[in-house]
Amino acid sequence: MKLKLPEFITQHVLIASLIGGLFGMGFILALIEFDHYTGTEQFCTTCHSMQLVAEPYYQSAHYMPTSGVRADCGDCHVSEGVFAATWDHFIGGKDLLKQIFGANYDDPVVSALHLPDAAFAARKWFKDSDSATCKRCHVQDAINGMRPATQQIHQQETEGKSCIDCHYNLVHRKIPHEKTFKREAWNQMIEQEFKLSPGTAAKLMKNNQDETQ
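According to our numbering, the stretch in the sequence shown is residues -7 to 205, in order.
Read the hints as simulated data drawn from the structure, not as lab findings. Keep in mind it's a predicted model, so treat the numbers as computed, not measured. Mixed in with the good hints there might be a few duds.
Calculated lysine-lysine pairs in the BS3-like style (CA-CA distance at most 25 Å, straight line) [to be verified]:
#, residue 1, residue 2
1, LYS86, LYS119
2, LYS166, LYS90
3, LYS166, LYS119
4, LYS116, LYS166
5, LYS174, LYS119
Have a look at the derived ranges for each label pair, beta carbon to beta carbon [to be verified]:
#, residue 1, residue 2, range
6, ASN96, ASP133, 43 to 51 Å
7, PHE15, ALA110, 33 to 41 Å
8, LEU10, MET138, 54 to 62 Å
9, THR172, GLY60, 31 to 39 Å
10, TRP117, ALA141, 25 to 33 Å
11, ALA22, GLU72, 14 to 22 Å
12, GLN180, GLN144, 37 to 45 Å
By construction, the Cβ of each residue, glycine as well, lies at the ideal position given by its N, Cα and C atoms.
Start from the sequences and build out the full structure, keeping to the hints where you can.
Structure, rendered in structure tokens:
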């Protein structure tokens, strides 16, 4: 018995559906490649300001792990799934605008002064996502660690907590917890590190704020 298609399914409809399907698959594949490429360390560090941020990363266990499994920028900072990843890259466009129209983040001093705000924003993002990107690689029940009680702690003392609540300052420059962070003390530390006169950091921060308003 010959199958009869509904009258509205004409040859033109079939051709259009085929073309649309191929275009859709091509679009998804392009997004996957885009998300993969823009999440690599090679791409992220094309900006000099990100090279400054990446310097501690090159010395961390995420870049030089004993297991040989290296975590790239996107592995930590980009959500899983093509649409979620694309959205993260779209939202991340604000950083590009700041790079172009904001403070001179290519300056190591300016970069260091603004780093705490970036760290706090990143930690909030991890907290809001329940550290989902961490859990891509780290399985809580399989965490043993070097200390005898490590596995017990992760299994019995983590209720209501996310990875980022305990594990931060692992990859980039160490930043105090937001609750204990003191801007004046941070400014003084940066001034001493770069051998600047007292008050220079506050002036730089004020000038940067004026430029972005």
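These are the hints, each one checked on the structure:
Restraint check for LYS86 and LYS119: satisfied, since their Cα atoms lie roughly 20 Å apart, inside the 25 Å limit. At roughly 23 Å between alpha-carbon atoms, LYS166 and LYS90 fall within 25 Å of each other, so this suggested pair holds. A distance of roughly 18 Å separates the Cα atoms of LYS166 and LYS119; the hinted pair therefore holds under the 25 Å criterion. Distance restraint check for LYS116 and LYS166: the Cα-Cα separation of roughly 16 Å lies within the 25 Å cut-off, and the hinted pair is therefore satisfied.
With a C-alpha separation of about 22 Å, the suggested pair LYS174 and LYS119 falls inside the 25 Å cut-off, and the hint holds. Remark: the range hint 43 to 51 Å for ASN96 to ASP133 is upheld by a beta-carbon distance near 46 Å. The supplied range of 33 to 41 Å is met by PHE15 and ALA110, whose beta-carbon atoms lie about 38 Å from each other. With their beta carbons about 57 Å apart, LEU10 and MET138 fall inside the hinted range of 54 to 62 Å.
Look at THR172 against GLY60: about 36 Å separates their beta carbons, and that is inside 31 to 39 Å. Checked against the hint of 25 to 33 Å, the pair TRP117 and ALA141 passes, with Cβ atoms roughly 30 Å apart. Separation of ALA22 from GLU72 is about 18 Å and conforms to the stated range, judged on CB atoms against 14 to 22 Å. Hint check: GLN180 to GLN144, Cβ distance near 41 Å, so the stated range 37 to 45 Å holds.
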